[in-house]
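> With the hints as a guide, bring the two chains together.
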Amino acid sequence: MKRLINLKRSEYRLMWGTYAAVTLAFLVLQAMIATRSLSASMRGMLVPICAYMVMAVSLNLVVGVLGELSLGHAGFMSVGAFCGVACAIILQKAVPAAPVRLALSMGAGAAAAGLAGFLIGIPVLRLRGDYLAIVTLAFGEIIKSVFNNFYLGMDKAGLHFSMLSDTTGLLKGGRMIINGPMGIGGIRKIATFGAGFALVMIALAVVFNLVHSRYGRAFMAIRDDRIAAESVGIDATKYKMIAFVVSAALAGAAGCLFALNYSTIVANKFDFNTSILVLVFVVLGGQGNIPGSLIAAAALTVLPEKLRSFADYRMLLYAVLLIAIMLGKNSAGARNFFARFRGGKEE
Amino acid sequence: MSTRLVPVPSRALIPERDMGRAPILECVNLGLTIGGLKIVENFDLTIGRTEIAGLIGPNGAGKTTVFNLLTKVYQPTAGSILLDGQDTAGMSPVQVNRLGIARTFQNIRLFKNLSVADNVKVAMTNDIPYGMVSSVLRLPSYRRWEVDAHRRALKLLSIFDMQDAASLPAGSLPYGAQRRLEIVRALASYPSLLLLDEPAAGMNPSETMELVDSIRRVHELFPIAIMLIEHDMNLVMNLCEGICVLNFGRIIAKGTPDDIQNNPAVIEAYLGRQKEEEQ
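Just so you know, the protein sequences line up as chains A and B, in that order. Under the working numbering, the first residue of the first sequence carries the number 1, and numbering increases by one thereafter. Under the working numbering, the first residue of the second sequence carries the number 1001, and numbering increases by one thereafter.
Next comes chain B alone, as it looks inside the complex (with noise of 0.2 Å):
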């Protein structure tokens, strides 16, 4: 828990010892099999602590897969998953978001009936120390805390400008809010390690345009870890320094923007192999 990263201003404020330390994520030949098909096998990736990494593959891929993999939805059957040098076996969801990962979900997963803020709050819920007897008789220490995380939700809010939307229940915003306020609910559990599952899914080009923006800045504000699934090449190419390409549960490809978008293994996985005749 100490090792975990806090919020700094700036990047140039990263404390030094986390500089040059070891990788935030390792992952070593991470497999999961569910009854003998081979969902995802021999995944090995690392990444950095400041990193900003893409995960891309053709539709059933096993992207997905391999963020529930990271995040304990699925316990995997083979390899191992090491988070801040720490294996992550056998850990809860819970466990392993404490421990600093984050996510956020492809088919939006808001808490629908509660507010904008209550959303961000309840991911401060392991933050905010007060107890029950405190809540229930409404010491001070109740109103010093909630009063601070009503703060500190707004604030993270004002990242994506949605300060001003704090009260409206979380399922009357529009859909790209939404995919926003996942984000900001994500970033609230402070995590040192962010996943992003699909960001700009539904959204238009100058929609995406923002997204990449408000990536931008929250990894200014927050110098996290992050990594992304996405399938529009624009934000990836835009935004990632390394991406990795996976097809049929196998990475096919690893390297920055510039190798992918000219290796041939992965043209072949989205675009099919040339017939003979035609080369």
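Isolated chain A (complex conformation) (with noise of 0.2 Å):
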């Protein structure tokens, strides 16, 4: 069929060209750290770039793919995180190797996550446009709430749980896992950078794929037009209900990465704020490019620590180049430069 493969030709460019790029950055940042030229600042930020890389190509496949606006999306790292946190201090006694432990701890993240999507995804899609937006605030702040009350705790007879207030009542030499408003302490830091490497490359691998495939070309067709998809078949429920599971299970996944490279970790952390930041990073990059996300997720989480010498008029500065960022973007000289660049991709 060498007709589909020349039609398909610029997108599968596109998306080697994304792997490629990727593969090569992560062989220059460990060749940097290697030959020690990489600042302690930059090396702690290595595993949150990847997982802020994971959230914003995540969110892109519900914002930028299927067309619609989460709000929420914090929430689900949230659960990945704490999920995957609590599954890795259990299994720590069972399960000695640390990698083996952080992608089970992953995998689980996943997975709680992906429940949670598709739970909260039964009352949200029957929504659109701006109200589907605030509902998924809502549960965001929602499962932010949950956590900050959420007790967890392990001893000889087994797992304790209880909400708002501590009454597990461990025996001795129990250990608490989930502290309610103080989150997890004293976590072992497992995250390394090739996980997160291995996490980034897994999701641009599922959403690309995705996109390229009859799902994708659904989640496309409710975007561009849901009643003349429905006219032809689409159950838009459905296919919607896909993107937002997928596009939740990463976040989770994302959200243990993140989690296990602290010592501690609590659920304000994955506030409002850090859903607003990661829609940045997808508007920033550009809905539906996929490419543009893992950009813009690395510039705008290397910027702040960038500003440091700045002091106090820091986050003043950020929020300017911000501003000029999205201006400089949008403006038609920026846009022809960046289409040179670009050339066969279809948009």
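Mixed in with the good hints, there may be bad ones.
[As the list claims (entries may be wrong)] With a Cα cut of at most 16 Å, we get these calculated EDC-like pairs of lysine to aspartate or glutamate:
#, chain 1, residue 1, chain 2, residue 2
1, B, Lys1112, A, Asp225
2, B, Lys1112, A, Asp155
3, B, Lys1254, B, Glu1051
4, B, Lys1254, B, Glu1241
5, B, Lys1254, B, Asp1044
6, A, Lys172, A, Asp155
Simulated from the structure, these hints should not be mistaken for laboratory data. Nothing here was measured: the structure is a model prediction, and the numbers come from that model.
Below, the structure is given as structure tokens:
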């Protein structure tokens, strides 16, 4: 099928180009770490950058490809973080190998967030547009409140949990895992840059391959015209749910990776601001533009760090730069400039 | 589902079992009332398995509403719609499409950011059997069915000689081509009843005559029932075997093109009543 290959060549070029660029960046950074030419603060940001990249790519599936605005994406990150870290702590003795434990925890985080996405999707996906956005915002806040009031402990007798106040009554030698507003403390930092790279590649493969399949076509058809999509037999609710759950599961894995990079994690970290931050990555990178999301996530995570020398004016400068970048990106001149690089890319 | 017509190469090859069978569409006493306003009432219509039927009437007569009732964009408030003998009461637009109704829209509704071929392939989504795992892992079944879907899409596009535009964004096509693409997309869900809402709107006379040829060719290739709304009388009289005239939501005449052209009620609806003294 030469024809098929011809038709899809530009799409494939974009996809393989993205894989290649991410791999190259990973290798360069690994070399810099090996030669100690990367500052300690930058080294510490590598894993969060990977997590934010996955967050941006997964949100782009809902916002850019499916065309529904979700303002609660940090909620799924939170579910993934708490369930994944709890899983890592529970498995600490059973699975001594850190990379295996990390993989299992991310899997558990993804599964939990996917389930949360499914349950939240049932009421949310009955809505459209602004209403859907507001309700996802509400669910993001609900998830935050739930984890702020959730207590989970483990002792010889097994797992204990309680809500609102700590009534787990652990036996001697037991360990508190999730401690309400205090979150999870004493986490072993098993997240590595290599794992982050692997997760970014998995997220890219899932999203790219899904977008180029019958599922992706259905998502984009619903985005472009829901009534026409239904008239040719696309069940809008079903496909919206698929996109929503896949996106939530990827966010959950990213949340777990993110949390396992810190020694403590609290629910308030995954609030509305984080949801908006991820949305900013998506909008800045371009809706439906997956490589754009990666670049935006990396750039906007590094930027505040680079502005540290401006001390008190740091966030002000960050905001001004963000406005400047948004304006610049949408100017006709800049668009023509970028169009030259895209060449055959279909937009 | 098993009764759904499959495309066959020529009209002579329509399966025997379908030829003598009951009509594809039966509307019985169909009605839609919104807030006490009767948009459509007492709509009775029967369409044969391979018939080309026309639905005409002045602006605001309720023609598109009838299409919206048939495709369940609106649920009828009275009467019933039988598709292939099956009552479609309570079904969703998706379900009636799977049962065999496909349509085009008066104001073009393409997936503008998708390529021409992808627009057609969207309509095949339910016929492509690979699952999520195959698509994410790019298993051989993904590739096999994608190649098959692309081949079928190009074949359908070639009916309207559009296969060379397959990779262009649908929104970039000229107006007439967009209308034709809507017809191809509707055909891609392999309907047994095709509803065309003003297919010739905005076309010049020569484009309209081309469209007539194209619809005839579609009808040769796919021996399905076609129902069309159109204001271009030339097209309607040329193409349709039976015509139904609607005015203020009611059927005022039904019959062959010749009957309709000489029907005083139809002339009155279109041109108004002549004054007594002038007669």
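> Against this structure, judge whether each hint is valid.
Tested hints:
| no. | hint | verdict |
| --- | --- | --- |
| 1 | B:Lys1112 to A:Asp225 | holds (9 Å) |
| 2 | B:Lys1112 to A:Asp155 | violated (58 Å) |
| 3 | B:Lys1254 to B:Glu1051 | holds (14 Å) |
| 4 | B:Lys1254 to B:Glu1241 | holds (11 Å) |
| 5 | B:Lys1254 to B:Asp1044 | holds (10 Å) |
| 6 | A:Lys172 to A:Asp155 | holds (8 Å) |
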